[in-house]
Amino acid sequence: MRLAIRDLQVRFGDRQVVGIGEFGLGVAEIVGLAGESGSGKSMTTLAVLGLAHTVGATVSGSIRLDGTELTGLSQRALQDIRGRRIAAIFQSPAMAFSPVFKVGSVVLRALRLHGMSRADAADAAARAMRQVLLAPELLDRYPAQLSGGQLQRVAIALALALRAEVLLADEPTSALDVTVQAEVLELLRGLREHEGMSVLLISHDLAVVAELCDRVAIMQGGRIVEQGPASQVLSAPHHGYTAELLAAVPRVGAGPAAPILPAPPAPPPPSGEPPSAPADGEAPG
Amino acid sequence: MTVYVARRVVLAALVVVGVIIATFVIARVVAGDPAATWAGPHASAAQVAAARRFLGLDRPPAVQLLSYFGGILSGNWGLSVHTHQPVLSDIGTAAPASLELVTIALIIALVVAVPLGLVSARWPGGLADQAIRAGSILGVSMPIFWMALILQLVFSQRLHWLPAAGEYSPSLLFSHPLARLTGFSLIDATLTGNWPMLGGILAHILLPALVVAAYPAGLIARMVRAQVLDTVGETHIQMLRALGFRERAVFGRFAMKLAWNPVAAAVALVFGYSLVNTFLVEAIFDWPGLGSYATASIATLDTPAILGVTLFIALVYVAANLIVDILQAALDPRIRLR
Amino acid sequence: MIEAPTPADIPGAVLPQGQALRRGLRDNPLLLVGGLTVLLIVVVAVFAPLLAPFPADAGTATHPFAVLKPPSAEHWFGTDQVGRDVLSRVIYGARISPLVAVIVLVIACVIGVPLGIAAGYFGGWVDEVIMRVTDVFLAFPSLLLALALAAVLPTSLTSLTIAISVTWWPWYTRLIRGQAASVAGRPYIDSCRALGIPRWRIIVRHVLPNSVTPLIVQVSLDFGGVILTASALSFLGLGAQDPTPDWGLMVAEGQNYFTTAWWVVTFPGIAIMVTAFAFNLIGDGLRDLLDPRRSLLP
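Each protein sequence line maps, in turn, to chains P, U and V.
Position 154 of the first sequence, counting from 1, maps to 154 under my numbering, and the rest follow consecutively.
Position 284 of the second sequence, counting from 1, maps to 284 under my numbering, and the rest follow consecutively.
Position 96 of the third sequence, counting from 1, maps to 96 under my numbering, and the rest follow consecutively.
From the derived model, a few chain U residues whose C-beta atoms are all more than 10 Å from chain P: (1) 81; (2) 111; (3) 199.
A partial selection of chain U residues facing chain P, derived with a Cβ cut-off under 10 Å: (4) 233; (5) 238; (6) 244; (7) 255.
Source of the hints: derived by calculation from the structure; they are not laboratory data.
For each residue, glycine too, the CB sits at the ideal point set by N, CA and C.
Make a model of the complete structure from these sequences and hints.
What follows is the structure in structure tokens.
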């Protein structure tokens with residue numbers, strides 16, 4: 001396990017928002033962390049990065065990166081690890097880049113922060129841009145001049161250039177068009193194939209998870225209720241919640257999904273036929 | 001962009017017209033009887049009448065307004081009752097010293113207030129933040145004239161650290177005469193390599209500049225704090241942290257960059273405000289600028305001079321506003337398109 | 001008057017109640033300090049005749065044999081250049097500055113708010129005309145215009161008050177116009193109009209209340225500013241005249257004796273500073289308290 005999480009608890013004061021017993025990321029593996037909004041997925045990312053305190057949360061438990069314990073490390077040590085060994089991309093690429101800096105400026109600064117010389121940084125950045133199929137000249141633009149898809153690809157290029165071992169991708173495609181989504185997912189797959197990166201894909205979209213991930217963990221209320229190989233979990237779920245999530249995914253041609261709540265009684269039909277009352281407790285799945 | 005600039009310039013011109021009309025109204029309508037003031041307190045009725053004719057006050061108001069306008073635009077801002085010089089030339093002599101004073105004051109304010117604002121934003125709610133906040137509010141609550149007197153007493157009279165008055169010591173002028181190239185003493189001293197003089201002027205400018213800097217410093221510190229705190233919650237700041245940047249860089253370089261635009265705007269606007277504050281400070285320090293000129297004019301009820309200075313500063317203020325508007329639009333495309 | 005961007009300008013800012021209010025006050029000790037200080041000043045002003053050891057000195061009394069005495073047990077703040085007890089004069093001065101500020105701000109609101117509402121609600125040429133006029137007024141830094149006016153009017157506290165009021169109303173017009181315009185643009189106002197509710201009623205019941213909160217914040221912030229402006233003008237000789245115990249005037253009168261008799265200038269100056277500071281603390285604290293984003297904090 002490249003990234004091993006054990007007994008992780010994230011709290012806001014007394015309120016616990018994440019409680020994970022055991023979870024991990026192997027080398028060259030894409031693991032999905034799925035669940036609805038508010039299930040604690042993003043907080044987990046922040047905790048791994050050691051940034052939970054910036055939103056006022058406290059962390060306890062163990063997070064190990066290649067054997068090194070991250071919780072309890074000084075901010076100084078964490079700052080060295082962030083970016084260089086653990087990279088992150090965020091849901092809204094347009095908001096992830098500072099509007100008054102050229103995109104390339106952030107990239108180059110980050111590379112130089114982690115020890116590259118100016119010339120090496122420029123080379124690495126250009127190479128990484130080409131790997132994500134973007135012209136290196138785009139680095140000279142401001143975020144407002146690039147599309148969401150392009151910005152997300154720059155973010156991935158940044159992770160590439162930094163040669164991070166782990167990439168935390170927090171809802172990377174949620175803000176993108178479906179066509180652009182596919183491209184970005186393809187790039188993430190490439191990271192695993194060619195760079196051997198471990199990718200943690202956080203998403204509420206099970207279709208995305210199904211397409212990309214080797215393993216999957218389902219989160220509900222801050223806890224992992226089920227985890228295992230993606231093919232297994234997503235086709236034959238053990239936990240009821242997983243099944244509910246799966247059933248909630250809209251499928252083309254499947255007709256309307258069954259309602260989660262019992263429908264209100266239908267008004268009497270004009271022909272006098274008795275309305276078909278829904279059976280009680282007809283929850284999906 | 002040119003459309004935006006043109007629009008702003010036209011609006012500014014309209015405001016300038018309004019400002020000139022306003023000074024006219026104050027000069028002729030609100031003021032008692034300029035003719036009587038001109039003629040002096042012991043003038044006879046005939047002398048006052050003669051003064052009225054001389055000043056053109058016996059013509060209909062509309063004509064007066066037009067000729068006033070024409071005068072202003074052609075550089076005739078009236079004659080100072082006190083110095084009997086053209087007001088505009090008086091202002092020309094006095095303005096550079098005040099402009100220097102305000103510039104130095106704003107530099108001091110920025111150097112002090114920006115770091116303090118950043119510290120405040122970095123640890124909001126902490127002890128430093130509370131102290132800086134209290135200090136900033138104190139800065140904008142200072143009666144400037146009083147602060148000037150206190151500083152002069154403490155640092156000049158009692159501690160003898162800094163000179164009490166004047167722009168430079170007269171003995172220095174004798175040994176190192178200052179050539180007048182631009183009219184701005186600091187620039188002149190630098191251009192001619194007159195270092196003793198430059199040091200002397202800087203020593204003399206320090207106390208008044210500190211006093212004038214109090215209000216802008218308080219304002220800028222709070223503004224920086226507010227702007228940076230606004231930015232800090234945003235995703236791009238988290239991303240910078242996630243890339244491994246130190247907190248100091250995150251705040252000092254990245255968050256601050258976003259804050260510069262509004263801060264620069266505030267600085268340009270507070271320039272006009274500080275220029276007026278010199279009225280309260282220069283006389284105390286014998287600093288030969290607009291402030292001393294205005295104070296003397298008030299003491300002698302020299303209405304043309306007072307209104308000349310008023311008009312001048314208002315024009316500087318409008319110009320500063322205009323420049324700031326255009327600069328902001330140049331830096332932030334969203335403004336032009338609104 | 002230049003102020004940092006204020007979040008309370010967002011319409012809908014509400015005064016937190018109950019527990020939120022208590023928490024707000026606890027987070028904002030400065031607000032409490034400001035409030036208590038202002039209370040103290042008001043008490044001093046109201047009970048001046050009882051608190052001042054030498055009430056007559058606030059008037060026309062002079063004591064040629066007690067001139068420029070340093071602070072002592074008998075005269076806590078010393079005596080001034082005609083022998084008057086400085087402490088008594090400072091105490092009586094507390095009646096002048098805040099009162100001038102109140103009058104100025106009331107006049108400024110009475111003129112500025114209706115104009116602002118008219119401009120914001122009716123829009124069109126009414127808006128244009130009012131805004132151009134406002135722009136001209138606002139082209140002068142406030143102290144400057146008040147100074148010019150006070151210089152040409154007969155010198156008195158009344159002239160000073162009028163001069164500052166004339167300078168101040170445009171700020172409120174601009175503030176209220178923004179609020180009124182944003183409220184007037186909302187769909188529910190259209191429905192009110194469609195229902196035939198008379199305009200004045202719409203203004204009083206809908207536009208006005210929404211504009212009031214930022215106005216309250218701005219007025220409380222401006223209190224300090226008006227006090228400083230008034231004392232500055234008095235210092236320049238354009239306001240109160242001797243023997244009125246106006247603090248600014250006292251500083252001006254004591255200037256010439258400052259190097260030997262520091263107390264004549266120092267105490268009135270401290271009074272001005274403390275008063276302005278207290279009001280500014282309240283204004284600042286109120287702005288924080290009414291910041292709608294407060295309610296989003298955990």
